[in-house]
Amino acid sequence: MHFVTGGAFNGKRAWVNKTYCVKGPEVWLSAYHDIPLPEQLKDNDQDVIILEGIELWLKELTMNHEASRCRDIWNQCLHYWLSWESGKEDRQLIVIGTDITKGIVPMERENRLWRDVTGWAYQDIAAQSEKVDVIWYGLNQTIKKRGAY
Amino acid sequence: MAQASLVFITGGVRSGKSSFAERKAIEIAKETGKQLIYLATGVPSDSEMIERIQKHQLDRRSGEYSWKTMEQSIRIGELAPQLHNQDIILLDCVTTLLNNELFSSECKWDGLFLDAVKEKIISGIMSINNRAGTLIVVSNELLFEPVSESNLVLMYSRILGQIHQYLVNEADQAFLVEAGIPIVMKGMSR
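Quick mapping for you: the protein sequence lines, in order, are chains Y and S. Residues in the first sequence are numbered from 0 upward in steps of one, following numbering that gives the first Met the number 0. Residues in the second sequence are numbered from 0 upward in steps of one, following numbering that gives the first Met the number 0.
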């Protein structure tokens, strides 16, 4: 699993497209296109799946559950996603999440909860990822890389 | 040309990005002996802002290296013909310029207008860069909190992000300033 993060409109999607030479749109599951949180990834012919806009799925979770439950559900998803990825050699999961955690403390309770859960969820996904990149206006910085050297 | 042609610097509010940009400009002036030009984009809106601008002007005048100030709040590219090819220009900052362009016009904020503003800012900056020895561009990090559901803020964020991506791609050097410390994001540290 490769976690890609960075601020809004920093070129994360373009970087993933370029890095993985992504061809068709079928491998993208994007929260920005109203796709619901895919708890399980179905076995299909695709070797590469890209999940985009996870911050919106996390927001959805916070609207229905308390913080610790959100994090449990999130970790359950990570578990299923990783088992999809390890189900076949050459499978690659790329997860893109916009960093929404560096602004002023939000006024509204629900937005504070969203921001908190997003921060924790990013720590969880980074901990379980093989590779983590931060994208800054199109430039990437690899902040974690496991295994292959 | 030995010196960097385009330098891009961002940071949060009060991160020290402007001071770093000034130090960087002075460093280049020391090496090259060329004219320092401060390109002021701010339109003072109240007395506190006027004071702040005056303080900045005083700081720049009292230093060892004297700055020439040029003021241009919109259509920045119009300054290009007045520049000389060795000048060291400091443009502070892109977000102010963007605000000036957006709020000086009566146009409706639609995709066409916003794209035109984006093109105007990018081509203006690049035409200054083509005339100058070194152009140092300062901007703000504004894209790390939830992008508001308000469509206006969303559109604003999008063009600011696109302008930053363009400038970082063109830049010889790019820096992110955190708590006064410049982090090299692109190019060699000087």
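Hints are not guaranteed to be accurate.
[To be verified] No farther apart than 30 Å at their CA atoms in a straight line, the calculated lysine-lysine pairs in the DSS-like style are these:
#, chain 1, residue 1, chain 2, residue 2
1, S, 33, Y, 144
2, S, 107, S, 185
3, S, 67, S, 54
4, S, 185, Y, 101
5, Y, 22, S, 67
6, Y, 17, Y, 144
7, Y, 41, Y, 101
8, Y, 17, S, 67
9, Y, 143, Y, 22
10, S, 54, Y, 143
11, S, 117, Y, 101
12, Y, 130, S, 185
13, S, 185, Y, 143
14, Y, 87, Y, 22
15, Y, 17, S, 54
Worth flagging that the hints you see were computed from the coordinates, not collected in a lab.
How the hints compare with the structure:
Only pairs whose Cα atoms come within 30 Å are accepted, and residue 33(S) paired with residue 144(Y) is rejected, the gap being roughly 45 Å. At most 30 Å may separate the alpha-carbon atoms for a hinted pair to count; residue 107(S) and residue 185(S) exceed this at roughly 36 Å. Annotation: proposed proximity of residue 67(S) to residue 54(S) holds, straight-line Cα distance about 15 Å (limit 30 Å). For the proposed pair residue 185(S) and residue 101(Y), the alpha carbon gap of about 22 Å is at most 30 Å, so the pair holds.
The straight-line distance between the Cα atoms of residue 22(Y) and residue 67(S) is roughly 51 Å, outside the 30 Å bound, and the hint therefore fails. Taking the CA atoms of residue 17(Y) and residue 144(Y), the gap is about 19 Å. The hint holds against a cut of 30 Å. Between the alpha carbons of residue 41(Y) and residue 101(Y) the distance comes to roughly 34 Å, so the proposed pair goes past 30 Å and is violated. Proposed proximity of residue 17(Y) and residue 67(S) is contradicted: the alpha carbons are some 43 Å apart, above 30 Å.
For the hint linking residue 143(Y) to residue 22(Y), the alpha-carbon distance of about 26 Å falls within 30 Å, and the restraint holds. For the suggested pair residue 54(S) and residue 143(Y), the alpha carbons sit about 44 Å apart, so the restraint of at most 30 Å is broken. For a cut-off of 30 Å, the pair hint linking residue 117(S) to residue 101(Y) stands: about 25 Å separates their Cα positions. For the hint pairing residue 130(Y) with residue 185(S), the CA-to-CA distance comes to about 21 Å; that is within 30 Å, so the pair holds.
Only pairs whose Cα atoms come within 30 Å are accepted, and residue 185(S) paired with residue 143(Y) is accepted, the gap being roughly 19 Å. Taken as a hint, the residue 87(Y) and residue 22(Y) pair is honoured in the structure, with Cα atoms around 20 Å apart against an allowance of 30 Å. Proximity of residue 17(Y) to residue 54(S) is assessed by CA-CA distance (about 46 Å); at most 30 Å being required, the pair is judged violated.
Violated hints, in rising order: 1, 2, 5, 7, 8, 10 and 15; the structure is consistent with all others.
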